[in-house]
Structures are given as structure tokens and as C-alpha cells.
Amino acid sequence: QVQLVESGGGVVQPGGSLRLSCDASGFIFSNFGMHWVRQAPGKGLEWVAFIRFDGYNIHYADSVKGRFIISRDNSKDTLFLQMNSLRPEDTAVYYCAKDSQQAMDYWGQGTLLTVSS
Amino acid sequence: AIRMTQSPSSFSASTGDRVTITCRASQGINSHLAWYQQEPGKAPKPLIYGASNLQSGVPSRFSGSGSGSEYTLTITSVQSEDFATYYCQQYYTYPMYTFGQGTKLEIK
Chain Z
1 QVQLVESGGG
11 VVQPGGSLRL
21 SCDASGFIFS
31 NFGMHWVRQA
41 PGKGLEWVAF
51 IRFDGYNIHY
61 ADSVKGRFII
71 SRDNSKDTLF
81 LQMNSLRPED
91 TAVYYCAKDS
101 QQAMDYWGQG
111 TLLTVSS
Chain Y
1 AIRMTQSPSS
11 FSASTGDRVT
21 ITCRASQGIN
31 SHLAWYQQEP
41 GKAPKPLIYG
51 ASNLQSGVPS
61 RFSGSGSGSE
71 YTLTITSVQS
81 EDFATYYCQQ
91 YYTYPMYTFG
101 QGTKLEIK
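Line order of the protein sequences matches chains Z and Y.
Sequential numbering from 1 applies to the first sequence in our numbering.
Sequential numbering from 1 applies to the second sequence in our numbering.
Accuracy of the hints is not assured; some may be wrong.
As the list claims (entries may be wrong) - Straight-line alpha carbon distances no greater than 27 Å define the calculated DSS-like cross-link-like pairs of lysine-lysine that follow:
hint, chain 1, residue 1, chain 2, residue 2
1, Z, K76, Y, K45
2, Y, K45, Z, K43
3, Y, K104, Y, K45
4, Z, K65, Z, K43
5, Y, K42, Y, K108
6, Y, K45, Y, K108
7, Z, K43, Y, K42
8, Y, K108, Z, K76
9, Z, K43, Y, K104
10, Z, K65, Z, K76
Hints were generated in silico from the structure; no laboratory data involved.
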């Protein structure tokens, strides 16, 4: 069965950096685009970034453009999100999700990032 | 950017009620719309894609409809496990998706 497992969350000071990982299994990872979606405490869902199956055709939300970098290692079935210049408003649960071109059909359980001094 | 607006933001219903949630896009999205259900502390679960197609395993009491810029999610007879928050999401601007703000369905 499809499994997505995020890791790497934690507490970071404003201006700091952190890298999230998402380990995928149960499907041919290199055939599918992947997304990062976040949810601030008590708030709704916000799409963050997308990367195509081959690592090209990358897109970011305006709120993270220039600060976050999405990447993938298809040899290890792993998705990454490098987050730099972190701000308190980046505090959220970060989910990775598999793309189906019509929705995000599988989601991980999420990893919590807290940006605070 | 396409804005998605859900209504209501929250409401109460009783088990067995028929419930409808509306999602309006700031422009036509040609049925490129998905719905998700999220229980507290859990990841969103996909319910519907293409405005009206149920994801595998989703109970038939859920249905979606709409066209252009206005869409609805209907639950014909709400069950206890359906009390959750529901989100619509457009993929007209694939792969840059946007979500509605969510609709919280609570027990009356």
C-alpha cells in the first residue's frame, strides 16, 4: 500500500533553516509528481510546492518562493523540502502528498515545524 | 491566482441530516475540483475529484456536483464519522493548487 512518511520537523529560530524529508513506498515514486502542503495551527490547508516526476517543472507558492527549495531523489524514493530564512508564519504541519493530476490522492501524516525564538 | 471560497465556514447538523457545502471559485475552473475530509489531528483524506467522481472507497452518501465556478459537496445522511472539516481544492491551474478555507461540520 502507498505510504508517505515525513520527518525532519522541529523547533527553529527565525532566520534559520531546516530540511524536511518524505520517504515514499508502495508505488513507483519516479513516475509521479509530488507536493508539499502545510497547515498552520488551527488554520486551513496551504499548497507550498510541487515537483514533477523527473525533478523538473518545479513550482512554489508566492509565500515561500525564494526561500524554500523542493527536490527529490528518485533512487531513494525520497522527497525533500529545504526551508531557509524561516519566519514565525512558517510554523505549520507540513504534509507531503502524491499527485494524481486530479487531486492529491495520498498524504503523509505530517511533520510539525515551529519557528520561534 | 484563483481564490476558492467555501460556505458556510462552519455549521451544526444531526446524524441523518442531508448536508450541502458550497465552494465558489473566483473564475471558472471547468470541473477541475477536488474535495477532502480532514479529522482533527489527521491528514486530509481525498473524497472527490473532477467535481463529481468519488475516490475509491468513499461511501456513496457523498456526492459532488457543479460546473463553471460553483460546486457543491453533499452528504445525503450524515453519519457520526462524517463530522470533520471539509476542503475544496482547484487544480485548474495545475500543478499550482489552491484550497478553500474549509467548512467545519459539527454535531448539533
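Each hint, compared with the structure:
1. A threshold of 27 Å between alpha carbons decides the hint, and for Z:K76 with Y:K45 the separation of about 26 Å falls inside it, so the pair holds.
2. A threshold of 27 Å between alpha carbons decides the hint, and for Y:K45 with Z:K43 the separation of about 17 Å falls inside it, so the pair holds.
3. Of the pairs offered as hints, the one joining Y:K104 and Y:K45 holds, with about 15 Å between alpha carbons and a cut-off of 27 Å not exceeded.
4. The straight-line distance between the Cα atoms of Z:K65 and Z:K43 is roughly 21 Å, inside the 27 Å bound, and the hint therefore holds.
5. A C-alpha spacing of about 22 Å is found between Y:K42 and Y:K108, which places the hinted pair at or below 27 Å, so the restraint holds.
6. Proximity of Y:K45 to Y:K108 is assessed by CA-CA distance (about 23 Å); at most 27 Å being required, the pair is judged to hold.
7. Simply put, Z:K43 and Y:K42 have alpha-carbon atoms about 13 Å apart, close enough for the 27 Å limit, and the pair holds.
8. Pair hint Y:K108 plus Z:K76 does not hold up; C-alpha atoms about 48 Å apart against a cutoff of 27 Å.
9. Distance restraint check for Z:K43 and Y:K104: the Cα-Cα separation of roughly 11 Å lies within the 27 Å cut-off, and the hinted pair is therefore satisfied.
10. Of the pairs offered as hints, the one joining Z:K65 and Z:K76 holds, with about 26 Å between alpha carbons and a cut-off of 27 Å not exceeded.
Hint compliance for this structure: hint 8 alone is broken.
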